[in-house]
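These protein sequences, in sequence, are chains A and B.
The working numbering puts the first residue of the first sequence at 1, with every later residue one more than the last.
The working numbering puts the first residue of the second sequence at 1, with every later residue one more than the last.
Watch out, some of these pointers could steer you wrong.
[Unchecked claim] Dumping the calculated SDA-like pairs for lysine to any residue here, alpha-carbon to alpha-carbon at most 25 Å:
1. A:K96 <-> A:P85
2. A:K283 <-> B:Y158
3. B:K50 <-> A:V258
4. A:K145 <-> B:Q141
5. A:K283 <-> B:S19
6. B:K50 <-> A:V172
7. B:K20 <-> A:F223
8. A:K214 <-> B:S19
9. B:K50 <-> A:L48
10. B:K20 <-> A:A158
11. B:K196 <-> A:L48
12. B:K50 <-> A:P263
13. A:K145 <-> B:I24
14. A:K283 <-> B:N135
15. B:K104 <-> A:P168
16. A:K145 <-> A:N45
17. B:K104 <-> B:I190
18. A:K283 <-> B:G246
19. B:K20 <-> A:Q225
20. B:K104 <-> A:G50
21. B:K104 <-> B:T208
22. B:K104 <-> A:L176
23. B:K20 <-> A:G222
24. A:K145 <-> B:G36
25. B:K20 <-> A:V156
26. A:K283 <-> B:I24
27. A:K283 <-> B:Q141
28. B:K20 <-> A:M47
29. B:K104 <-> B:G83
30. B:K104 <-> A:K214
31. B:K20 <-> A:L176
32. A:K214 <-> B:R15
33. A:K283 <-> B:A160
34. B:K104 <-> A:Q225
35. B:K20 <-> A:I153
36. B:K20 <-> A:L232
Worth flagging that the hints you see were computed from the coordinates, not collected in a lab.
Take a look at the letters that make up each chain.
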Amino acid sequence: MANSVSPNLPKTSAAMPIPAGPGPIGRLGPGPTGAKPRRTFSGRNIMLYGALIFFALYYLLPLYVMIVTSLKGMPEIRMGNIFSPPMEITFEPWVKAWATACTGLNCDGLSRGFWNSVRITVPSTLISILIASVNGYALANWRFKGADLFFTILIVGAFVPYQVMIYPIVIVLRELGIYGTLSGLVIVHTIFGMPILTLLFRNYFTSLPEELFKAARIDGAGFWQIYLRIMLPMSLPIFVVAMILQITGIWNDFLFGVVFTRPEYYPMTVQLNNIVNSVQGVKEYNVNMAATLLTGAVPLFVYFVSGRLFVRGIAAGAVKG
Amino acid sequence: MTGQAHAGRPNKLFRNLNSKIASIPMILTALVIFLGGTLWTVVYSFTNSKLLPRLQFVGLDQYDRLWDAPRWIMSIQNLAIYGILSLIFSVVIGFLLAALMDQKIRFENTFRTIFLYPFALSFIVTGLVWQWILNPDFGVQSIVRSLGWTTFTFNPLYDADIVIYGVLIAGLWQGTGLVMCLLLAGLRGIDEDIWKASRVDGIPVWRTYLFIIIPMMRPVFITTLVIITSGIVRLYDLVVAQTSGGPGIASEVPAKYVYDYMFQAQNLGQGFAASTMMLLTVAIVIIPWAYLEFGGKKRG
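Using the sequences plus the hints, can you model the full thing?
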């Protein structure tokens, strides 16, 4: 497995596409390998870009529908069609979704869920990355007898459906007295983030030149010293990748939020679902779409800002196992 | 580090102590949660646990009941339809997109950003958007009708026969970008000389893809299939958000069955049996693959 996986990270990043800038695309470095384009306005190019634009529109459509719906008033939604741009732009649905939308008896809007999600995501991300990076470091440089066995169990465990492990975790958390609390949920996220993150860090640390590690050993540095003063500063990019992976993953989680917290701690996704799919009251589609956009805003922001690193995180996630 | 142990006998356990201490969270997670938790659930699936887990074995009773339950049968059918179609379509569309992206196009980053952004969104968001787009009174159906085709019917979310396809549309929208990314990375790993050689020989592009490139990308395809499959079995949030399992039980899935029996119907035994079946499904896919991937080779 080490043979097939460990060189994968650097390779994937090297295989990232060259920027699509103006001018002829150079032949430097690994780039697209498909057939060579002939002329700019050949029939082939029209087909090619036509197909790409068609797909792009299809993928963008839901985002567009969300945005225009959230900016319309309810009367306009009732008469119009969902694709038409708003005649009169109103931000009222956004305000309502954020501050006064109701879930059950609570009418303080999605803001509560947002802050809950922040309180879940921040510590979960930090703790899971901290633990997984140390794990990966131990696996890469300080392998002890049996380490590979535990690691294999961890990776295989990543494929076990969560539903199989949920109830035992409920029991463990209940015994510890933290079932239903935020710290319980943080532990759960740390556990389920561990396989992929450990793999990510292990592969990265393995790819670093071993001489560095050996030199530090000869100079008398110990386990933690090497980690803090050599490995950590050298691997900031992979920490960013791990953070992107965790922030989007934890923010988007629904199942763990429902199972492991009490209603007052529900993360944003759970609250969103409760707001939109509540049976009582008149359906306010514009508020629903504003709430949906608000919930999607954080991962979308991370995605658009991080760009290529997000892809790299996915590529790392892809080789899990 | 791993060197042949020739250290003094007394401190064998303490060799590399810091590394062992640092690995405690990993060891605990692997042994207690992943291994222990899984075994625990499997063992308790043979008991008649109701509100609380009890070790009172009843053999295969829970499984008999499970396979007699119409809702479970429906869940399995839905998962099979969703799973097979989702595998086929996401690989076909994903590969098509990847091949299009690999034609030395301009604005590649822009296109990739567009194809992949749904993957950054949660299934809840995905489900709710598509619930709105497929809404019969305002969405696609009403628009086509308002264009003049007044008998047009496309109402997947309220039609029990086709509701799972409504879920599939949303699932594909969310997941194909990922498949494209994986396959594109695979395409980029193909040596350019292959393309040159096939051009020299005058082989049409589509034949080169079909008979040379795709066979060469077998490992990438297998990894992709495993990733998609393990995601499919977990299908839960999307259904909860988009249809809540309805209309009736028409869009129920196994993961939802497990959750409902464990945490709402207070029938733990059923939940454990159902989750064990989910585990079995994954195992059928994963074990042969893991055997190919891990088996034989010994890590150095």
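Checked hints:
Straight-line distance between C-alpha atoms of K96 of chain A and P85 of chain A comes to about 21 Å, which keeps the hinted pair within the 25 Å bound. Proximity of K283 of chain A to Y158 of chain B is assessed by CA-CA distance (about 17 Å); at most 25 Å being required, the pair is judged to hold. Straight-line distance between C-alpha atoms of K50 of chain B and V258 of chain A comes to about 21 Å, which keeps the hinted pair within the 25 Å bound. Note on K145 of chain A and Q141 of chain B: the hinted pairing is violated, with a Cα-Cα distance of about 62 Å set against a maximum of 25 Å.
Between K283 of chain A and S19 of chain B the alpha-carbon distance is near 56 Å, which puts this suggested pair outside the 25 Å criterion. Proposed proximity of K50 of chain B and V172 of chain A is supported: the alpha carbons are some 19 Å apart, at most 25 Å. Restraint check: the Cα-Cα separation between K20 of chain B and F223 of chain A comes to about 11 Å, which is no more than 25 Å; the hinted pair holds. Under the criterion of a C-alpha separation no larger than 25 Å, the hint pairing K214 of chain A with S19 of chain B is consistent with the structure, at around 16 Å.
Of the pairs offered as hints, the one joining K50 of chain B and L48 of chain A is violated, with about 58 Å between alpha carbons and a cut-off of 25 Å exceeded. With a C-alpha separation of about 22 Å, the suggested pair K20 of chain B and A158 of chain A falls inside the 25 Å cut-off, and the hint holds. Among the hinted pairs, K196 of chain B with L48 of chain A is consistent with the structure: their alpha-carbon atoms are about 21 Å apart, no more than 25 Å. At roughly 24 Å between alpha-carbon atoms, K50 of chain B and P263 of chain A fall within 25 Å of each other, so this suggested pair holds.
With a C-alpha separation of about 14 Å, the suggested pair K145 of chain A and I24 of chain B falls inside the 25 Å cut-off, and the hint holds. Taken as a hint, the K283 of chain A and N135 of chain B pair is honoured in the structure, with Cα atoms around 12 Å apart against an allowance of 25 Å. Restraint check: the Cα-Cα separation between K104 of chain B and P168 of chain A comes to about 51 Å, which exceeds 25 Å; the hinted pair is violated. Proximity of K145 of chain A to N45 of chain A is assessed by CA-CA distance (about 57 Å); at most 25 Å being required, the pair is judged violated.
Among the hinted pairs, K104 of chain B with I190 of chain B is consistent with the structure: their alpha-carbon atoms are about 14 Å apart, no more than 25 Å. A hinted pair counts as satisfied when its Cα atoms are at most 25 Å apart, and K283 of chain A with G246 of chain B qualifies at roughly 18 Å. At most 25 Å may separate the alpha-carbon atoms for a hinted pair to count; K20 of chain B and Q225 of chain A meet this at roughly 16 Å. A threshold of 25 Å between alpha carbons decides the hint, and for K104 of chain B with G50 of chain A the separation of about 15 Å falls inside it, so the pair holds.
Among the hinted pairs, K104 of chain B with T208 of chain B is consistent with the structure: their alpha-carbon atoms are about 17 Å apart, no more than 25 Å. The hinted pair formed by K104 of chain B and L176 of chain A fails the criterion: a straight-line CA distance of about 56 Å is larger than 25 Å. A hinted pair counts as satisfied when its Cα atoms are at most 25 Å apart, and K20 of chain B with G222 of chain A qualifies at roughly 14 Å. A C-alpha spacing of about 21 Å is found between K145 of chain A and G36 of chain B, which places the hinted pair at or below 25 Å, so the restraint holds.
A distance of roughly 21 Å separates the Cα atoms of K20 of chain B and V156 of chain A; the hinted pair therefore holds under the 25 Å criterion. For the proposed pair K283 of chain A and I24 of chain B, the alpha carbon gap of about 50 Å is over 25 Å, so the pair is violated. Of the pairs offered as hints, the one joining K283 of chain A and Q141 of chain B holds, with about 19 Å between alpha carbons and a cut-off of 25 Å not exceeded. Between K20 of chain B and M47 of chain A the alpha-carbon distance is near 58 Å, which puts this suggested pair outside the 25 Å criterion.
With a CA separation close to 33 Å, the supplied pair K104 of chain B and G83 of chain B exceeds the 25 Å bound. For the hint pairing K104 of chain B with K214 of chain A, the CA-to-CA distance comes to about 43 Å; that exceeds 25 Å, so the pair is violated. For the hint linking K20 of chain B to L176 of chain A, the alpha-carbon distance of about 24 Å falls within 25 Å, and the restraint holds. Straight-line distance between C-alpha atoms of K214 of chain A and R15 of chain B comes to about 17 Å, which keeps the hinted pair within the 25 Å bound.
Under the criterion of a C-alpha separation no larger than 25 Å, the hint pairing K283 of chain A with A160 of chain B is consistent with the structure, at around 22 Å. Distance restraint check for K104 of chain B and Q225 of chain A: the Cα-Cα separation of roughly 46 Å exceeds the 25 Å cut-off, and the hinted pair is therefore not satisfied. With a CA separation close to 16 Å, the supplied pair K20 of chain B and I153 of chain A stays within the 25 Å bound. Straight-line distance between C-alpha atoms of K20 of chain B and L232 of chain A comes to about 19 Å, which keeps the hinted pair within the 25 Å bound.
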